[in-house]
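Protein sequence lines, in the order shown, are assigned to chains L and S. In terms of numbering that gives the first Met the number 0, the first sequence opens at residue 0 and continues consecutively. In terms of numbering that gives the first Met the number 0, the second sequence opens at residue 0 and continues consecutively.
Please note: incorrect hints may appear among the correct ones.
Said to hold, decoys possible - Covered stretches of chain S, as calculated for chain L (at least 3 residues, CB under 8 Å):
id	stretch
1	30-39
2	42-48
3	55-66
4	78-86
Stated by the list, open to error - Facing chain L, according to a computed beta carbon distance under 10 Å, are these residues of chain S, among others:
id	residue
5	R51
6	P71
7	M74
8	Q95
9	I108
10	L109
11	T110
12	K112
As the list claims (entries may be wrong) - Label pairs and their calculated CB-CB ranges:
id	chain 1	residue 1	chain 2	residue 2	range
13	L	R424	S	M19	29 to 35 Å
14	S	P102	L	M237	27 to 33 Å
15	L	E365	S	P76	37 to 43 Å
16	S	M31	L	D407	56 to 62 Å
17	L	A301	S	P76	39 to 45 Å
18	L	P241	S	P102	39 to 45 Å
19	S	S58	L	A246	34 to 40 Å
20	S	N68	L	E365	53 to 59 Å
21	L	Q132	S	S58	56 to 62 Å
22	L	D407	S	N68	45 to 51 Å
23	S	L103	L	A578	32 to 38 Å
24	L	A578	S	R70	28 to 34 Å
If you're looking for bench data, these hints aren't it; they were derived computationally from the structure. Virtual Cβ for every residue (Gly too), placed ideally from N, Cα, C.
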Amino acid sequence: MSKSKGSVGRRGFLRGAAASAAGLAATAVGAAQQPEPPATSEPRGAVEVTGNEKPGSDFMVDVLKTLDIEYCAANPGSSFRGLQESFINYGGNKSPEWLTCCHEESAAAMAHGYAKIEGKPMMIMVHANVGVQHASMAIFNCYADRVPLYIVLGNILDVNFRRNNAEWVHSVQDAASMVRDFVKWDDTPVTLGHFAESAVRAYKIAMTPPYEPVVIVADATLQEEPIKENIRIPKLAMSAPPQGDSAAVQEAARMLVAAQNPVIVTGRVARTPKGIDLLVQLAEAVQAPVKDQRLRMNFPSAHPLYADPGVLPLTPNVRGADVILALEVQDLYSITHQMTPLNRFGMESRPTTEPGAKIITVSAVELNHKSNNQDFGRYIEADLSITGDAEATLPELIEAVKRLTNSDRRRAMQERGAQIADAGRRWRQQHRELATVGWDASPISTARLSAELWAQIKNEDWSLVSWDRMVSSWPTRLWNFDKHYQFIGTHGGSGIGYGAPAAVGAALANRKHGRLSINIQNDGDLNYAPGVLWTAAHHKIPLLNIMHNNRSYHEERMYIQMFGAKFNRGIENGDIGTALGNPDIDYASIAKGYGLYAEGPITDPKNLAPAIRRAIERVKAGEPALLDVVTQPR
Amino acid sequence: MKMFLILLPLLAVTASAQTMTGDAVNGKRLTMRNGCYQCHGTVGQGGMAGARLAQTRLSQAGFISYVRNPRPGNMPPYRAKVMTDQELADVYAYLQSVPPPVPLANIPILTQK
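Sequences are here, hints too, so could you generate the full structure?
Structure, rendered in structure tokens:
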């Protein structure tokens, strides 16, 4: 690019200023503590800043805008100040729009929730190295949950560009190394052209199943120096998702059609709404029950072939099955085996499957196993293992099943399907009966909480943006889920602190569609980084937060109590280090302080319905709200 | 995080011990103090971590026997050192004293589609 005579870039300005200051200091040595003002109006090392030059960060914005990213969530950091300024002033603060976060972990977890609704990544901008450490747990959750996340790290690689202690302690040799164990790909571009190519490549990699986070380091020198190169932005060419081998898919179809009691176990299958339709087609073609781990919204819960989710959908019972089709399942081993109870010593797992039962696995995760993180689970001795994205593999599998099904098999399948549907009517009734136990209890039962919520949202276009395991999966057991955006699964990596920010991110994605977002919020989780409530208020993100306030880190409380019994001592002391009482935390006041409409604590179940009604009115008007409901432990 | 799954068989265990008189008030106190509620709920309603115990069909002796020797799972055996038979009889009395649930037909929001 052209450059006016006498002008220098930002970096040149800084170097010039430093040289000038050094010169001044040199002249002052031995003379006076305060340097003399320059004798002329043209000081040595004078610089002229024209302000007309385009910094590299403007080009970076041009590049990132080609990726159709809606939002960039960040807690401010000096190593990406150039890029932030370019986003706001040069980029017009849209596509992406900047979201102000109070913690890097909130930014990453917001992006996590957003991606599961919108089906594409949000960008987060993170300060190396302190910001990366803050964000790392939430990045790990995205990795373990197979969610795309586009991470831009600021860093100052060139020692000549670091001006003070803060810039030295915040600079690293290899900025992405801290999270490399749980991102799919990273790069540290050394030129703007390199940045353009790697930024586009990163998006493509993140969005090729298995979806996972990617990192691009935006070096501060590249951001702040003027553009000097002739550079272009490569075209984004997306990859088709990897599909299972055709011969293996045909064999899987043959096994399913011949099976007497096949079962379909689903984990993270429906990457898109189309995945639900495909699963319905497969289940109906085979007339097999679908046992859903609820890691995504995979299958309509009112469908006759939807099997009893029980209270723990993550580990469905597959006893009696002769063929188990596991689609993108997490920890299949703990489904096909009875694991060692916590109250016993040693490893005593034993198979729970029928002798001779066949296991078919379909998963893209095998394409990107890591060594250090052991989330791949125990080795599965599958009879047929198909590496490929399940959603992408389903069309061929469905066609093959239909082609192989003759009239005899079709008749047998229909009889089986009728039995599954009968069982479905029974388990649905049983769950409703169980929900009545403790209906009027205080603290409020999680069944009552879920039923009261359902009564008021079922006629809305709603979206549950939280996992429901901690409330004994009551929404899964009582509500009617049939749309992809109505459930977003879980945290993936069990890193607590995911819930509140993921809900805000998912609600942000739901906002433009006019959906009513509901977050059943665990109290312990909210206390990690509650500032995300302010982000929701500031950016006017409609979201109804219902506190599941059991006043403890309850999972661990149960463990401590259980181990006290195991070792025959101290079963009264489980609250030490786990309880969140004395004083009780006033979540309504906290939420009000962050600018939300809030009520609570609500302890009488009779007060719940009116409070939900009032809060929904506020949310439908476009603001976040919070109800602090004091609940039963589970 | 692994889950708890505590299953109590619905069939009554044959009891040889004599039935003790249970104190439901003390049983409620023990349910809270000793942490029974953590898995089974404050009114024994059960949940993802523990089975429903309210109005259990186990006999008192069967209940105590199960607590001492639960089916292999995640619930540990509770020995007399941490809960005496009398204390378990009190907890049993409390669980039996919990009012029966409201009939499903009387809760419209659970029956309406």
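Against the structure, the hints:
Under a criterion of three residues with beta carbons nearer than 8 Å to beta carbons of chain L, the stated coverage of the stretch 30-39 of chain S is upheld, 6 such residues being counted. Here the stretch 42-48 of chain S counts 7 residues with a CB under 8 Å from a CB of chain L, which clears the bar of 3, and the coverage holds. Requiring three or more residues with a Cβ within less than 8 Å of a Cβ of chain L, the coverage given for the stretch 55-66 of chain S is violated, as only 0 such residues are present. Interface restraint, the stretch 78-86 of chain S with chain L: holds (4 residues with C-beta to C-beta distance below 8 Å; minimum three).
Because the smallest distance between the Cβ of S/R51 and any Cβ of chain L comes to about 6 Å, under 10 Å, the interface hint for this residue holds. For the restraint placing S/P71 at the interface with chain L, the shortest Cβ-Cβ distance is roughly 6 Å, inside the 10 Å limit, so the hint holds. For S/M74, the interface hint holds, since its Cβ comes within 10 Å of a Cβ in chain L; the closest pair sits about 7 Å apart. The beta carbon of S/Q95 comes no nearer than 14 Å to any beta carbon in chain L, farther than 10 Å, and the hint placing it at the interface is violated.
The beta carbon of S/I108 comes within 4 Å of a beta carbon in chain L, closer than 10 Å, and the hint placing it at the interface holds. Interface hint status for S/L109: upheld, as the beta-carbon distance to the closest one in chain L is roughly 5 Å, under 10 Å. Using the Cβ-Cβ criterion of 10 Å, the hint placing S/T110 at the interface with chain L is satisfied: the shortest such distance is roughly 7 Å. For S/K112, the interface hint holds, since its Cβ comes within 10 Å of a Cβ in chain L; the closest pair sits about 8 Å apart.
Remark: the range hint 29 to 35 Å for L/R424 to S/M19 is contradicted by a beta-carbon distance near 42 Å. Hint check: S/P102 to L/M237, Cβ distance near 56 Å, so the stated range 27 to 33 Å is violated. Our hint of 37 to 43 Å for L/E365 and S/P76 holds, since their Cβ atoms are close to 41 Å apart. Our hint of 56 to 62 Å for S/M31 and L/D407 holds, since their Cβ atoms are close to 60 Å apart.
Between L/A301 and S/P76 the beta carbon distance is about 41 Å. The supplied range of 39 to 45 Å therefore holds. For the pair L/P241 and S/P102, the beta carbons lie near 53 Å from each other, so the given range of 39 to 45 Å is not met. The hinted range of 34 to 40 Å is not satisfied by S/S58 and L/A246, whose Cβ atoms lie roughly 60 Å apart. With their beta carbons about 43 Å apart, S/N68 and L/E365 fall outside the hinted range of 53 to 59 Å.
With their beta carbons about 57 Å apart, L/Q132 and S/S58 fall inside the hinted range of 56 to 62 Å. For the hinted restraint 45 to 51 Å between L/D407 and S/N68, the CB-CB distance of approximately 49 Å keeps it satisfied. With their beta carbons about 34 Å apart, S/L103 and L/A578 fall inside the hinted range of 32 to 38 Å. The hinted range of 28 to 34 Å is satisfied by L/A578 and S/R70, whose Cβ atoms lie roughly 29 Å apart.
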